[in-house]
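J.: Dock the two chains into a complex; use the hints.
Chains V and B supply the protein sequences, listed in that same order.
Every letter in the first sequence is one number past the one before it in my numbering, and letter 106, counting from 1, is 106.
Every letter in the second sequence is one number past the one before it in my numbering, and letter 141, counting from 1, is 1141.
The hints are simulated quantities; they were obtained by calculation from the structure and are not laboratory data.
It should be emphasised that the depicted structure is a prediction, and the values quoted were computed from it without experimental measurement.
Hints may contain errors.
Below, simulated PhoX-like cross-link-like pairs (lysine-lysine); rule was C-alpha separation at most 25 Å, straight line [unchecked claim]: (1) B:Lys1039 <-> B:Lys1133; (2) V:Lys224 <-> B:Lys1177; (3) V:Lys220 <-> V:Lys209; (4) B:Lys1134 <-> B:Lys1122; (5) B:Lys1133 <-> V:Lys220; (6) B:Lys1102 <-> B:Lys1140; (7) B:Lys1134 <-> B:Lys1112; (8) B:Lys1133 <-> B:Lys1099; (9) B:Lys1133 <-> B:Lys1065; (10) B:Lys1133 <-> B:Lys1102; (11) V:Lys224 <-> B:Lys1166; (12) B:Lys1065 <-> V:Lys224; (13) B:Lys1113 <-> B:Lys1099; (14) B:Lys1113 <-> B:Lys1102; (15) V:Lys220 <-> B:Lys1134; (16) B:Lys1122 <-> B:Lys1133; (17) B:Lys1099 <-> B:Lys1140; (18) B:Lys1112 <-> V:Lys209; (19) B:Lys1166 <-> B:Lys1140; (20) B:Lys1140 <-> B:Lys1065; (21) B:Lys1166 <-> V:Lys209; (22) B:Lys1039 <-> B:Lys1180; (23) B:Lys1102 <-> B:Lys1166; (24) V:Lys209 <-> B:Lys1140; (25) B:Lys1122 <-> V:Lys209; (26) B:Lys1134 <-> B:Lys1035; (27) B:Lys1102 <-> V:Lys224; (28) B:Lys1140 <-> V:Lys224; (29) B:Lys1039 <-> V:Lys224; (30) V:Lys209 <-> B:Lys1134; (31) B:Lys1112 <-> B:Lys1065; (32) B:Lys1177 <-> B:Lys1140; (33) B:Lys1102 <-> B:Lys1112; (34) B:Lys1180 <-> B:Lys1035; (35) B:Lys1035 <-> B:Lys1122; (36) V:Lys224 <-> B:Lys1134; (37) B:Lys1122 <-> B:Lys1102; (38) V:Lys220 <-> B:Lys1039; (39) B:Lys1134 <-> B:Lys1039.
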Amino acid sequence: MQCLRAPLSDLSALEGQRACAEWQQPGQEQSDYHPYDADYCMQSLCPVETAFRALHGCNGGGENENHGNVHGSNDCFSNAWPDIVSSMHCPVVGAAASVEETSVNASSSSSSRKRKSENNRRSKENSGGSDGKDDSNCKRIKEETGVGAATPEAKRPNKRKEESADASKENDKAPKSDYIHVRARRGQATDSHSLAERVRRERISQRMKYLQDLVPGCSKITGKAGMLDEIINYVQSLQRQVEFLSMKLAAVNPMMDINIDSLFGGREINPTCKSASIPMIGMSSELLDQSYLQFGSLQHDMFMGSSDLLLRPNVNPAAAVSDTSLGSCLNVNGSSVWNTNLQNVYGVEFQLGRGTALPFQSLQGNLLPNNLKMEM
Amino acid sequence: MQVPNSFKLALLKQMLLGFQLSAVSSNSMSFHERKNAIKLSADAAMVFARGSTRWTRGLVASLSKNRNNEDLLRGILGKKYERLSLPCCNSWKIPRSRKILKRCLGLCSRRKKATGTQHDVKSSSTLARRLVKKRIQVLKKLLPGGDSMEGFSLLDQTLDYAVSLKAQVDVMRRLLKISKASNLNK
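Isolated chain B, as found in the complex (with noise of 0.2 Å):
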């Protein structure tokens, strides 16, 4: 799945915004701060590129949670930050009554398990269901912004962050070859 040039073109110029805003060509920094200010720019690049999904403002209301870095995100997101750093709409909406029904579903199987009432032979449906859900419970945590997405929305902001991350990867890897060749060539 190709990414259109613009996209990484976008995406480049915020980040090399955001390296000129952070000052990391300066020997200020610690290599430690350096490093994390290139990784907020390039993360702040990509929100800006791809515009306002569930993925990006999940990603913009973590980064934001450090004081340290709002500074940096206004900069590279400009006007989008506030549009960007709205709840996202569904969070709180996450049906409150599937909460509920997992909190009960949770005691219930919690108190089976206790009384020990397992079936002996597991039927392979429930297996995989179960598997199926521990792993989209990881993948819930890796996602930004992925706890409040429930099924298809968050296969489909995965399919999206995915691509997105990739681009950014694309692009941070040219940027290294180029400066080190540069390096070479002084």
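This is chain V alone, in the form it adopts within the complex (with noise of 0.2 Å):
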């Protein structure tokens, strides 16, 4: 994995570095799967971000190579948070490297999600923050992370000039601190307890939005309290559905019985799926971009020297078979068709997110998609 580095600051670079590496460690137990790393962090970057943006022109979404949801402006911050959350999903740093914002913002957003506990004894009494390039119009937000100040501090001096007009008070540049740093708004108090109250506020508003983007049908909800009602109602409905899987899966007789160790041994993760040695379960390059799972199929010998496996070959292709995008890696012995229907009830799935009239039906009874019209 090539992590290009834009050369901002050698902070950074090094974070950047320490962060790729840790990406590059397949030999050791990827137990620590931070799934959001780089979209959650960047949360934390987002003036950063939208620094880089503003400077960049924008570039944000140029590596969307692995992520469903794309948007398209970005010209407030406010609508380049989907952006950057899209375009750093994958925090495959490498890929981001074309642009320089992104890949800033992998380098310190992977460190930054490994430091959250240090970050959070942050003094809050000597805040500065970074002020996005954006004009005033966009929100400034306060910095996170001890890491990122370090980066915004390079911009500050050309903000400075610009600002010096402003009846904001300056405060003590510590270029390599641990401190958020905080610029008062023009007409507003400057004793630190607003300051710091105000570098809360902005944080808890920016974990809201980010909540927003989660939670399905939250964009038209503003207040706080309407907010954390859906969410604790989409947290609800999530946490019954696993028991509501679960217990399908107790119900479901007899239990698959897997060899794991053929299945997942020595191969983690998948881009392609071409050989004989096929495991049950791999990824496929043009469906990673989709990011689900694929599950692939198995040859005749392979499915009869292993232990009993999840899918059979022999699958009924009374249905129609056009499986374009699949071919490369599912198509052996008949068990195209089964992949095909997979691939509809994916698609459709993760296009909305929610049940609706799915060919399900063909596989499975009616209860699970009543009950996901139910929960979603």
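T.: Shown next as structure tokens:
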């Protein structure tokens, strides 16, 4: 994995290399998955992000290979968020190299993610923030990480000239401290308590925005109480779904016996499924951008060789077969039909994120789709 | 918000491992036992895949309260179990001062209500604040290990937890589909 660095600051480069190195060790147990590492930290680095975006003419969203949600506009930072989210969801830092801001974000984001606990002990007294390069219409967001503070420091000298006319408080510049640096806005109180309050409030509102993106159907809700309500409902529904699914799985009888070693042994992540030793569960490269697991098909001999497996190759080829996109790795012994059905199922599911009238019925009973409709 | 496939893969792998360890496929378990074992495997797998965060530690803590679960947890989490079952470092730190403050405030408000000095017009902001507070309380109960978190970290961990839950639901649903399909084809 090549990790290119934007030459913005030594510190961020170091962080980036470190983050890259951590991702480049497939041998070690990849136990600490940070599922939305980059997304996440990038939330905390929004100001950096927006600064760079504005700088580089909003080239965001360039690295869109691994996700479904691509948003077009990124004028204001609030629109830039989904871009950032989408472009950063896969913390393959190397992929984001061509866009400077994303690479910096990935680097500092994944590192800051790991150092979140350290960040919590920041002092609120000396707070100085980085300002988005965007115009004053966009809210100024405060830095969260100490690392991040280093990079906008580089930007600060430029801004300083523009804002020297502002009646703003100048905080101490501590280039490599763990302090958050905030700048008081024009006409607002400048004592440290209110600044700290503002920082806190803005961090919270950042998170609320992310949660708004996460929970379906929350874009119209503006109040904090309403949003919290929706979040609670969502988490509750997810928990209930887990219960229900575990019940259903318990009812499946008999439960499959899977030889895990043969499935996963030595092949944690499969970009392409080609050879005869296709593991049961792998991913094809072309489906990667839709980010779901692809259950591959098996050769007859392999099926015979190993213990009971999930799929059987003797699928009833009654349905129409047109699996062009799946063809590269999923076309063995007539199981392509089944895979096509899967694709339809997944495709619809992923497009909508809710259960609608799907070709589910071909695969299973009616209960699950109903549940989907109910819960989602 | 999409979760990387590696997360889901790790989740699935550990879940299947959990199924093996708890021998759900054998017919010796009752339905209820099997369901609990599956749920435990799924949760432990999610913790494994996610790594160490506050909610994962809280979840491990709540799961290990039950003695029966410990073996399975150890089996799935492996070396991580020790690391994850450390008490959350902030749990007792949750400012004792804050607890005292809360207690005092609770007493004060109760006293006020008792003496009947209610203001006729509650400002909208206080009302809003009260609503938000109520919901935050509910959220704390929902989130594993949420009692020790406040404000920003609560939201943060909620986000984290929700994404992981979604991935877990996703994986389980697919597993269910596969297994049903394979049963159909038998």
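J.: Quick one: which hint numbers does this structure break? Sort them smallest to largest.
T.: 1, 2, 9, 12, 18, 23, 25, 26, 29, 31, 32, 35, 38, 39
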